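Engineer: Position chains B, C and D with the ligands relative to chain A; hints supplied.
As a plain string of letters, each chain reads:
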Amino acid sequence: MSEEHGADPLHIPDAPHRPGDEAGFVEWPWSPGDLERPDVDCDASETVALAEGLVRVLGDDNKSSGEWDPKLSTEEMITGLEHMMRLRIFDDRMMKMQRTGKLSFYMRSFGEEAVAIAQTMALKDQDWLFPTYRQPGAQFVRGRDMVSMICHCIGNEMDNVKGRQMPVHYTYREGRFISVSSPVGTQFSQAVGVALASGYKGLDEVTITWIGDGASAEGDYHYALNFASIFQAPVILNVVNNQWAISTHKNFASKNGNFAVRGLPYGIPSVRVDGNDFLALYSVTAWARERASRGLGPTHIEVLTYRAGAHSSSDDPSRYRPSDIHSHWPGGDPIDRLREHLKETGGWSDEMHQKLSEKIDSEVMAAYKEAVKFGDLANGPYPSSDAIFTEVYESPPWHLEEQWDEMKKWRDS
Amino acid sequence: MSEEHGADPLHIPDAPHRPGDEAGFVEWPWSPGDLERPDVDCDASETVALAEGLVRVLGDDNKSSGEWDPKLSTEEMITGLEHMMRLRIFDDRMMKMQRTGKLSFYMRSFGEEAVAIAQTMALKDQDWLFPTYRQPGAQFVRGRDMVSMICHCIGNEMDNVKGRQMPVHYTYREGRFISVSSPVGTQFSQAVGVALASGYKGLDEVTITWIGDGASAEGDYHYALNFASIFQAPVILNVVNNQWAISTHKNFASKNGNFAVRGLPYGIPSVRVDGNDFLALYSVTAWARERASRGLGPTHIEVLTYRAGAHSSSDDPSRYRPSDIHSHWPGGDPIDRLREHLKETGGWSDEMHQKLSEKIDSEVMAAYKEAVKFGDLANGPYPSSDAIFTEVYESPPWHLEEQWDEMKKWRDS
Amino acid sequence: MPNMNMVESVNNALDTMLSRDNDVIMFGEDFGYFGGVFRTSDGLQDKHGKHRVFDSPLSEGGIAATAFGMGINGLRPVVEIQFADYIFPAYDQIVNEMAKVRHRSGGEFWCPVTIRTPAGGGIRGGHHHSQSPEAQFTHTPGLKVVYCSTPYNAKGLLISAIEDNDPVIFFEPKRCYRGPFYGDPHNVPTWSGHPEAEVPESHYSIPLGQARLALEGSQCTVISWGAMVHVCERAIAESGVSCDLIDLQTLVPWDREAVVKSIEKTGRCVIVHEAPKTSGFGAEMAASIQERCFWSLESPIERVTGWDTPFPHTTEWDYMPGPDRVAAAIAKTQED
Amino acid sequence: MPNMNMVESVNNALDTMLSRDNDVIMFGEDFGYFGGVFRTSDGLQDKHGKHRVFDSPLSEGGIAATAFGMGINGLRPVVEIQFADYIFPAYDQIVNEMAKVRHRSGGEFWCPVTIRTPAGGGIRGGHHHSQSPEAQFTHTPGLKVVYCSTPYNAKGLLISAIEDNDPVIFFEPKRCYRGPFYGDPHNVPTWSGHPEAEVPESHYSIPLGQARLALEGSQCTVISWGAMVHVCERAIAESGVSCDLIDLQTLVPWDREAVVKSIEKTGRCVIVHEAPKTSGFGAEMAASIQERCFWSLESPIERVTGWDTPFPHTTEWDYMPGPDRVAAAIAKTQED
Ligand SMILES: Cc1ncc(C[n+]2csc(CCOP(=O)(O)OP(=O)(O)O)c2C)c(N)n1
Ligand SMILES: Cc1ncc(C[n+]2csc(CCOP(=O)(O)OP(=O)(O)O)c2C)c(N)n1
Ligand SMILES: [Mg+2]
Ligand SMILES: [Mg+2]
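Protein chains in written order, with the working numbering: chain A, 1 to 413; chain B, 1 to 413; chain C, 1 to 336; chain D, 1 to 336.
Worth flagging that the hints you see were computed from the coordinates, not collected in a lab. No experiment lies behind these values; they were computed from the predicted model shown. Check before you lean on any hint, since a few could be wrong.
Said to hold, decoys possible - So, partial list: chain C residues that the calculated Cβ filter (under 10 angstroms) puts toward chain D:
1) Tyr91
2) Ala287
3) Glu302
4) Asp318
5) Gly322
To be verified - The list that follows gives simulated cross-link-like pairs (lysine-lysine, BS3-like), each with its CA atoms no further than 27 angstroms apart:
6) C:Lys47 / B:Lys408
7) B:Lys96 / B:Lys359
8) B:Lys201 / D:Lys50
9) C:Lys332 / B:Lys409
10) D:Lys50 / A:Lys250
11) D:Lys332 / D:Lys265
12) A:Lys409 / D:Lys261
13) B:Lys201 / D:Lys47
14) B:Lys63 / B:Lys355
15) C:Lys50 / A:Lys201
16) C:Lys332 / C:Lys265
17) C:Lys332 / D:Lys265
18) A:Lys201 / C:Lys47
19) D:Lys265 / A:Lys250
20) B:Lys343 / B:Lys63
21) A:Lys63 / A:Lys343
22) D:Lys261 / D:Lys332
23) B:Lys250 / C:Lys50
24) C:Lys265 / D:Lys332
25) B:Lys369 / B:Lys96
26) C:Lys261 / D:Lys332
27) A:Lys369 / A:Lys359
28) A:Lys373 / A:Lys408
29) A:Lys250 / A:Lys71
30) A:Lys369 / A:Lys96
31) A:Lys408 / D:Lys332
32) D:Lys261 / C:Lys332
33) C:Lys261 / B:Lys250
34) B:Lys71 / B:Lys355
Glycine residues also receive a C-beta, built at the ideal position from the N, C-alpha and C atoms.
So here's chain A without its partners, still in its complex pose (with noise of 0.2 angstroms):
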């Protein structure tokens, strides 16, 4: 057979740049203003454009424009930006600390922190996140205490997934927002499901939902747009689109790169919105959480952005992409671009700037310290090892008591 095969028989995509290589991105052709905001009773038809442009509402100069202009106050913009700072120091807190041993695992959310930031202020409370990994940020939003998010990534007694998942697997039910599960692509089709409870309880809920570029090529993908489409599910679809898994570039999750018009032909509203956007990811959240609200359905968003950082702290992306490629991105820096804007429109200042994010610094340093005060993965204490057998089910069955007894006698001995 040997003869017949062609130098490269196969059409196998690759990445644009690979180490070693010039980085760089064509310029974005879309700005602020292009796109109009539609009734949010419009057909998936009539959001033809909005899926193959971009929405933007913050310009290369800083400033807002457009319908799509959320038009938030001064103090809303500055919560989301604390939000988005404190999350990044938050990180790179907690990466220093891994690297120290003081939890296995982190993943960082370094340039996409507007997406769970911007979007979940743009919802109700009583509305259900179901995030991946990569939308820890939420939960600043819904109030959650900094010190329990530390206990669980170091995995001490404290840690309220009582030890039993990896780091950034949270849960937060107070806050609504629904446990983290490593699999990836499953939460997308589930949301549907969380969605449907809702309406059929008659409540003003809506649920939101994210999966990764890499992840949409999972079938869970696929059950979520057709369920959420067929039955009405007042959902919000996101596909974060921040152009890698792990090391695969998303020329192997989309021929043509666009995600966002993928939602068309189920007759989902479908929008790409820049993601390091805070305003346009806000605008575009609200309008869909609007529909859902109304009754008219569920709404398919591609947030077009880009993991700044390595997927986790077990990758190293150097050997995969040009090292500076991030800086290229036209996209820019979520937080940059927000703090930028603030500072146009007279609300901010560089001084602000630098004594909140110092103010940040020492809150997290504090939870951190209050945090390891309950133990860190590198010394314990740990979650007690009876946790093993807590909730498997509502009560523990014969052979489980049975176990754990079995497991007590070997570590009490």
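Structural biologist: What follows is chains B, C and D with the ligands alone, placed relative to chain A:
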């Protein structure tokens, strides 16, 4: 909780007609000649009209027209007609025999005879067919002996599936017709692998596969489109939209009822074709084959048709739709339409048709009589139950040898 | 008390729970308007409304995922997988998600979903309408696994499954929907007149984890579940050996007390299931029994099972364990 | 002979087969350009071309389906599932399709696919980076199931798996990629100097279905596979009992001859695996052994396994069987 529930708080679709309703469909807005036949190297975006419209060649006046007219010779059309008639007569005979217990179960292609026959005729002999249970007609095109098909269905000694699968689960390697499997949808994604293997070997082989409107909700549908587009597989992906999945109307498979357009966001050129129009089907398939063969990758086709009969011999459609509904289908009947066209063009007459029908009738009857010589399900003899143990693996491991011996002990005692 | 076949008793259980609990919601392929390919949901949509009983897209993965989401958001979904053979596209959602969500979330979220599915052979279903995949679920902590065998226990167990706050995989032996099936395809009785087909109209439940002693004896313990329970009944009669017949009913958690008590009495054991032998749930039974009752056992535990092959179509009677094979195994346990 | 760790020997096996057979083609998530998250495919794309070694979309179901199609059309695909925990979206394609295609097609089509996947705990992976789901494949006729344990057998078994004309699920104990792992997280040796890490550069194979006698003794038979083989080695030393240690290597079909021969000699048996106890492959082992060797057994067969719970993160050392638990089970078999 009960108070909050509205009467119909969830949007649950329905079928347009239920038993007791007057059947009727809106008239088709599509005519032959509406749509251009783009160059085979066109981009998906150039096929939007093809996916949103309907490729037709045979008009209500029974004439063929438009760019998509494949200009088949009279002989080719008569061959197609004959295969379709053969399939219908064959199906009717098998169905009768099922009622007498000669076979356990049966599924007809009634109303959909054109699909596999026209499409397979448009391909080359080296092309791979990966069918569902609704495309047995392709075997006639590839020259399979009818006796051997019946032997499979009646589960006798000569069944080449060796009594292992239910009737209609044909396999015919000689004709590159790949073994039918019951789990719906699985073949769709597998076919992409078949096609990629041909590509890898550098051979001019195209793979064609089919999936139902219902089964397109499985994950395999998404895998197929995604893998096919990313690796540019030489594959033809057909969704046979016959409006029903057993009792479930296509409104539970797609909100807007158009399956063709689902290929577009994957970057796959997509076409909707009248599935009861032999010439249109032939032409669209030939176009898709040329694309694949020229290294231009996959084509996605919605075949618009109507399941005229019951889902299977176990089904009673009068429980969920008006009994005469299929006679209202705007696409008419595929055999009638090709017959009338042939008459119109002067190559055919009612007498010739009648004679051919009688010839096939006796052919089928003769084949049936020949087949039952080797046994049938009611009376045996069956394939040896030794076939339970062979070909589970390339050769039976010790535990199968041992169980085989034990089975023989019981069987032969 | 009315006589019901198993289609009717399952239908009645579903109806009972729809009537009692507004959080109960049901869907599946061909489940709503049509009433299911086996008719188990016949009439339920008409009675309870199409927002509570409806058709789903043809997507087992989507069905499971949607049920999961509804379950963690306060509903009590009951979904049907049309044939157990088609549960595998939902396997990830079941074993990685449903089974683990209570645990993984520190108890913050749980998933009271019931997945009903007709399983097993005997209807000329060939490879993909005959499988009995219970063992593939018993290995997953967090799931409960139930296999009914009669109209009476079908209803009582199904009600318990629906009321349970953990995910339950509920297998219905399709061969027994309309009659008890004693392994002889030429002699096919209905449920009419059968004592286990006397089914109360009202709500009742059979606790999960409790076995049923179908026959009582002294010389051998026969353990089975699903359709094979009836085959065992016939085999025991044929064998002339006095046997306990334990219908396990729940596989996870199984009723060890009942099993151990019986083995300590009889000292001999035969386990019977339709699924292939290797790694079938019979393996777990045998392993556990020898662990616990080693000193009581007077002969090897026998397993009578489907072969380690796919399920055949025309020759299914050479595949499925019949009374003869079971009777021979019972006899073998009596040898030494 | 070079010393290789298991990452290197797996890589070497893949390289060997790519070099020998043009029909061999490989893909998986992060498998091509990057060389795999565990580095097992490092350098292979550069050497053999990106049409033979490439990345796939993040879709285990799609990977399995594509491999199936390539396999029935004459290629010999070797695919990687990044973690065994993520094999479940592909479960339907594996158990309903790959496993049955040769049989269902009357032998007209077959599927010589190898699915490699890193499995097992010990890397702080929590629920979904630690599972060892071998038992969920051993129940499916038509599949072969292999679990390597050392650099030497990893290469030899993987070559056999790739050359085999049936679908093979090939588990690699990720905890042993870089060292033999004796169950003590604080003492983590590498493979350097280990005799089973002497790996020939050239092609060789270890037949599927053959166990490896890792230690020879007389008083007890310890059966294990994967990472637990090394834990057993340590436990045997701790126990002071003279044991046969059987590394099963292939689970389907397993080497009954080797097992029976050993049990007939020792009369005692301990089976050790990481996966949960209920319906783990240890159940099949115990059930089969008592069937075959009942009269040789002098004490109950013991199973030492993971608990019937999800796999924990911080407390994984209280979950995974360690040498102490195994040693105690060995001692227990010696009691009477
Ligand atoms: C089902 C499944 N397969 C594989 C993995 C391993 N894995 C974890 S994250 C990841 C990449 C995900 O990429 P993407 O969906 O784009 O999300 P991102 O990390 O970019 O936010 C992979 C392959 C997994 N967790 N689950
Ligand atoms: C995975 C799977 N789920 C369910 C079934 C049962 N089933 C067989 S055919 C069918 C309907 C298929 O409808 P469609 O895909 O539209 O094909 P059609 O019968 O109309 O040709 C169903 C639900 C199956 N065979 N496989
Ligand atoms: Mg990504
Ligand atoms: Mg259909």
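Engineer: So, for every hint listed, does it hold in this structure?
Structural biologist: To see whether the hints hold, each was checked on the structure:
| no. | hint | result |
| --- | --- | --- |
| 1 | Tyr91 | holds, 4 angstroms |
| 2 | Ala287 | holds, 4 angstroms |
| 3 | Glu302 | holds, 7 angstroms |
| 4 | Asp318 | violated, 15 angstroms |
| 5 | Gly322 | violated, 20 angstroms |
| 6 | C:Lys47 / B:Lys408 | violated, 52 angstroms |
| 7 | B:Lys96 / B:Lys359 | holds, 19 angstroms |
| 8 | B:Lys201 / D:Lys50 | holds, 15 angstroms |
| 9 | C:Lys332 / B:Lys409 | holds, 15 angstroms |
| 10 | D:Lys50 / A:Lys250 | holds, 17 angstroms |
| 11 | D:Lys332 / D:Lys265 | holds, 18 angstroms |
| 12 | A:Lys409 / D:Lys261 | violated, 34 angstroms |
| 13 | B:Lys201 / D:Lys47 | holds, 19 angstroms |
| 14 | B:Lys63 / B:Lys355 | holds, 24 angstroms |
| 15 | C:Lys50 / A:Lys201 | holds, 14 angstroms |
| 16 | C:Lys332 / C:Lys265 | holds, 18 angstroms |
| 17 | C:Lys332 / D:Lys265 | holds, 25 angstroms |
| 18 | A:Lys201 / C:Lys47 | holds, 19 angstroms |
| 19 | D:Lys265 / A:Lys250 | violated, 58 angstroms |
| 20 | B:Lys343 / B:Lys63 | holds, 10 angstroms |
| 21 | A:Lys63 / A:Lys343 | holds, 10 angstroms |
| 22 | D:Lys261 / D:Lys332 | holds, 21 angstroms |
| 23 | B:Lys250 / C:Lys50 | holds, 17 angstroms |
| 24 | C:Lys265 / D:Lys332 | holds, 25 angstroms |
| 25 | B:Lys369 / B:Lys96 | holds, 14 angstroms |
| 26 | C:Lys261 / D:Lys332 | holds, 24 angstroms |
| 27 | A:Lys369 / A:Lys359 | holds, 15 angstroms |
| 28 | A:Lys373 / A:Lys408 | holds, 25 angstroms |
| 29 | A:Lys250 / A:Lys71 | violated, 33 angstroms |
| 30 | A:Lys369 / A:Lys96 | holds, 14 angstroms |
| 31 | A:Lys408 / D:Lys332 | holds, 18 angstroms |
| 32 | D:Lys261 / C:Lys332 | holds, 24 angstroms |
| 33 | C:Lys261 / B:Lys250 | violated, 54 angstroms |
| 34 | B:Lys71 / B:Lys355 | holds, 25 angstroms |
Against the hints set out earlier in the document, violations occur for numbers 4, 5, 6, 12, 19, 29, 33.
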